[in-house]
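Enquirer: As you go down the protein sequences, you meet chains A and B in turn. Okay, so the first sequence: first residue is 1 according to this note's numbering, each after it adds one. Okay, so the second sequence: first residue is 1 according to this note's numbering, each after it adds one.
Derived by calculation from the structure, the hints in this document are not laboratory data. All figures in this text were calculated on a predicted structure; none of them were measured in a lab. Backbone N, C-alpha and C define an ideal beta-carbon position, used for all residues, glycine too. Check before you lean on any hint, since a few could be wrong.
[As the list claims (entries may be wrong)] With a Cα cut of at most 25 Å, we get these calculated SDA-like pairs of lysine to any residue:
(1) K152/B / L103/A
(2) K139/A / G344/B
(3) K139/A / V332/B
(4) K139/A / G184/B
(5) K139/A / V180/B
(6) K168/A / D317/B
[As the list claims (entries may be wrong)] Incomplete in silico selection of chain B near chain A, CB under 7 Å:
(7) V126
(8) L129
(9) V139
(10) V143
(11) S162
[As the list claims (entries may be wrong)] Facing chain A, according to a computed beta carbon distance under 8 Å, are these residues of chain B, among others:
(12) W42
(13) V124
(14) N125
(15) V130
(16) S136
(17) M137
(18) I166
(19) A183
(20) L186
(21) F253
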Amino acid sequence: MDGLYFWIFAVIAVLASLGVVGQRNPMYSVLLLIVSFGALSGLYVLLNAPFVAAIQIIIYAGAIMVLFLFVVMLLNVPTEDPAKGYHVKLLGGAGPRHFGAVLAVVLVAELVWAMSHLRLTAMPESAGATSSVYQIGLKLFRDYAFAFEATSVLILLAMVGAVILARKES
Amino acid sequence: MMAFFLDNKNLVAQLLLIGFVFQVLQISAAVLVYFERKIAAWAQQRYGPHLVGPSGSLQPIADIVKLMFKEELRPRGADTFLFYLAPILSATAAFGAFAVVPFGTSTTLFGLLDKPLALEVTDVNVAMLVIFAITSMGVYGVVLAGWSSNSKYSMLGALRSSAQMISYELSYGMSLAAVVMLAGSLSLRSIVDAQAGYWFHVIPKWYVFIQPLGFFIFMTAGVAETNRAPFDFPEAEQELVAGYHTEYSSMSFALFFMAEYINMFTVSAVATDLFLGGWHGPFLPSWLGWAWFLLKVSFLLFFYIWMRWTLPRYRYDQLMEFGWKWLLPMAVINLLVTAGIVLGMGW
Chain A
1 MDGLYFWIFA VIAVLASLGV VGQRNPMYSV LLLIVSFGAL SGLYVLLNAP
51 FVAAIQIIIY AGAIMVLFLF VVMLLNVPTE DPAKGYHVKL LGGAGPRHFG
101 AVLAVVLVAE LVWAMSHLRL TAMPESAGAT SSVYQIGLKL FRDYAFAFEA
151 TSVLILLAMV GAVILARKES
Chain B
1 MMAFFLDNKN LVAQLLLIGF VFQVLQISAA VLVYFERKIA AWAQQRYGPH
51 LVGPSGSLQP IADIVKLMFK EELRPRGADT FLFYLAPILS ATAAFGAFAV
101 VPFGTSTTLF GLLDKPLALE VTDVNVAMLV IFAITSMGVY GVVLAGWSSN
151 SKYSMLGALR SSAQMISYEL SYGMSLAAVV MLAGSLSLRS IVDAQAGYWF
201 HVIPKWYVFI QPLGFFIFMT AGVAETNRAP FDFPEAEQEL VAGYHTEYSS
251 MSFALFFMAE YINMFTVSAV ATDLFLGGWH GPFLPSWLGW AWFLLKVSFL
301 LFFYIWMRWT LPRYRYDQLM EFGWKWLLPM AVINLLVTAG IVLGMGW
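Just chain B, same shape as in the assembly:
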């Protein structure tokens, strides 16, 4: 047994890496909840959580314990099977999408491994499409939750969210396509590697500098896709109680909550890989690239939370109008101009 593991060190390392990514995603949700509450408190001149642990840092753990011991409620007339399937679908899609996101160069763990191990769960040639496919499956969690709850608030939330996700998925996909054309590849690893180096020895070759409009469209559509403020219509508290997860309690609710934060993490990670040069950055040696990656992702996540506590929620018709009449035409123009330049310059 032991000999088998010693012979297949890379296999073991790969399995450990998968488990590691899974754990990090879960923990990231807890950490994000803590920072969200702290930043909210800071924005509103409150203390935020400060009782459990040093400056409230153990609050997420207390929350998780509380959620685990809550009673699991199910409304009468709910469709039992779909009611329990929906949160599982949401969480699975959230975890699954991160499987193809690379977050660093390869490592041999200081010579411990025979072959270098790439820092990602799996390398797929069409990674970009896989992420797109898996996130589009996440809609079903929300829609089914709304329908199976047999409650009008849930139903309205689900209808809004599916309309919103369909509308913004188009712009989302088109901003991705522009980057794919620039890099000439659908693999996230090659896209990141295409962004290595500098122009004039100063400006990093990140796509955000060539594609500022694309980055703006991607982030806006990403915020809408993850149902975060100012696009948090599926769960608009003042109108819909809590939207699609109104009827959920205990761990089923926690799964939805976790899925939302993991989706935020994934969108930020993909944005980092596509527009901010992934793990490429100055000063640090290349084996510390993941630190750059983490730094950029943290910045985008902070931006996410910051925006939530700064911008008020739009009205529903404004959301649709913005999505179809502004964002989509901008994305199309961006795509066409990029295509023209790529063809003309022969990149």
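Looking at chain A on its own, in the form it has when it is part of the complex:
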């Protein structure tokens, strides 16, 4: 039964992610990204991590994507039609194409390497969800306290920087 659910969520996640890249309308790209996040959240539930699943929806699908949508709506980009000449030169030229091809080869090589070095171990029998919240808390604030606090300072810096950049000189 879990296998069936895994395949449903996995297929949705992959198809939606392909759609994000393939869509011409940025609005639909954003929405498909939300669908993809939702499917990922389903996979987390299957991994017995309901806390991570809920956080994935709240932070990514809820908060961050609303901001994305906000920006797309405010910019009012109807479709991403390639302007004549411009995009063709910018992305379709010989140089960028070759560069893109190299990057694609590197990505495939990395994936193959990662897959071949994957050690398949059985999932540890996880305890209930409540204790998983407890364990995540312990890990974050005890084992990885420095990294956690450093990240929060980094985010604060980014926020202050954004405010300063966006402020109008009066």
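Given the coordinates of chain A, assemble chain B onto it according to the supplied hints.
Expert: Only chain B this time, still in chain A's reference frame:
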């Protein structure tokens, strides 16, 4: 077939309960509309609906029939798919959020069932986060409705509502976090059970008495999240016609309307579970706990409607200022003080 049902009485009961909750939510929207109109009339010294049925009590049914037979309009240039998806998203999020809200102790239906059946659709360990996640999905219904309508009033309403929901979601979440710390659990059922009993045999151990500020922040942010007056900017009639659902008619409009009332119901139910002790109360035996629950929810809903017809709408900049400069700092202080006390007292 029959034998299967008899062997799995709890499964059948669970399915019936799900259907029951679904129906009650729908009916609650209709009942709320009726009471909203009656209380509005009372506040403004009018009669309100009084022609259909005894004192107008069949008015919601007439409204539903009327809405069903209205023509479904779609503006030219609207994005067809998203235009029809938006109300469905809104309604789904509204119904979905109630799935993890418990509303009573467990029952065996007077010995009919083998195992006691808990009075809620499903018990999730991280119920609080699930509610938060599903309600945050409700924003998309509003935003997409505004964008796909291809109308400036809808668009302005959608922009306002997303800004408002993002701003107040922070305070909303922080007031929840304080309660989670007190109860030491994310499960709504354990939070309610932590509020059983009395202090000095008189005062019920409801969190509203320890967390009065948290309750105030939760209700204020809840009113803002459900787009109700005095925070009903997304649909401010005098400025935006009807805001994000200006272009909607017939059942698509009804879905938005229903979603708004169900969201009110859910916020009141969650507030009851978190701050007002859920189904715990004096006098009634424990199997009648759902009656207490219903009573408290009704009171909060009345409060909601009462407020709408008492307070005028704020100005938009006042709303933002209140959200960011007053409510959020209060929520942070409340959270920090609660954390300090919980740590210090070792609760």
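Enquirer: V126/B was flagged as interface toward chain A. Is the shortest Cβ-Cβ separation under 7 Å?
Expert: holds (5 Å)
Enquirer: Could you check if I166/B really has its C-beta closer than 8 Å to a C-beta on chain A?
Expert: holds (6 Å)
Enquirer: Should the hint that L129/B touches chain A count as held when the rule is a Cβ pair under 7 Å?
Expert: Since chain A brings a Cβ to about 4 Å from L129/B, closer than 7 Å, the hint holds.
Enquirer: Interface hint check: V143/B, Cβ to nearest Cβ on chain A, cutoff 7 Å. Holds or violated?
Expert: Because about 6 Å separates V143/B from the closest Cβ in chain A, which is inside the 7 Å limit, the hint holds.
Enquirer: Quick check on N125/B please, does its C-beta sit within 8 Å of some C-beta on chain A?
Expert: Where the cut-off is 8 Å and the nearest Cβ of chain A is about 4 Å from N125/B, the hint holds.
Enquirer: Is the interface hint satisfied for W42/B? The criterion is a beta-carbon contact with chain A at less than 8 Å.
Expert: violated (38 Å)
Enquirer: Quick check on V139/B please, does its C-beta sit within 7 Å of some C-beta on chain A?
Expert: holds (6 Å)
Enquirer: Hint S162/B vs chain A: min CB-CB distance below 7 Å?
Expert: holds (6 Å)
Enquirer: Taking 8 Å as the limit, does the beta-carbon of F253/B come near enough to a beta-carbon in chain A?
Expert: Violated - the Cβ of F253/B stays beyond 8 Å from chain A, reaching only about 22 Å at its closest.
Enquirer: Per the CB criterion, is A183/B less than 8 Å away from chain A?
Expert: violated (11 Å)
Enquirer: Sort out whether L103/A lies within 25 Å of K152/B, counting only the CA atoms.
Expert: violated (43 Å)
Enquirer: Hint validation: V124/B versus chain A, beta carbon distance must be below 8 Å. Holds or violated?
Expert: holds (7 Å)
In the structure shown, a violation is registered for the earlier hints numbered 1, 12, 19 and 21, in ascending order.
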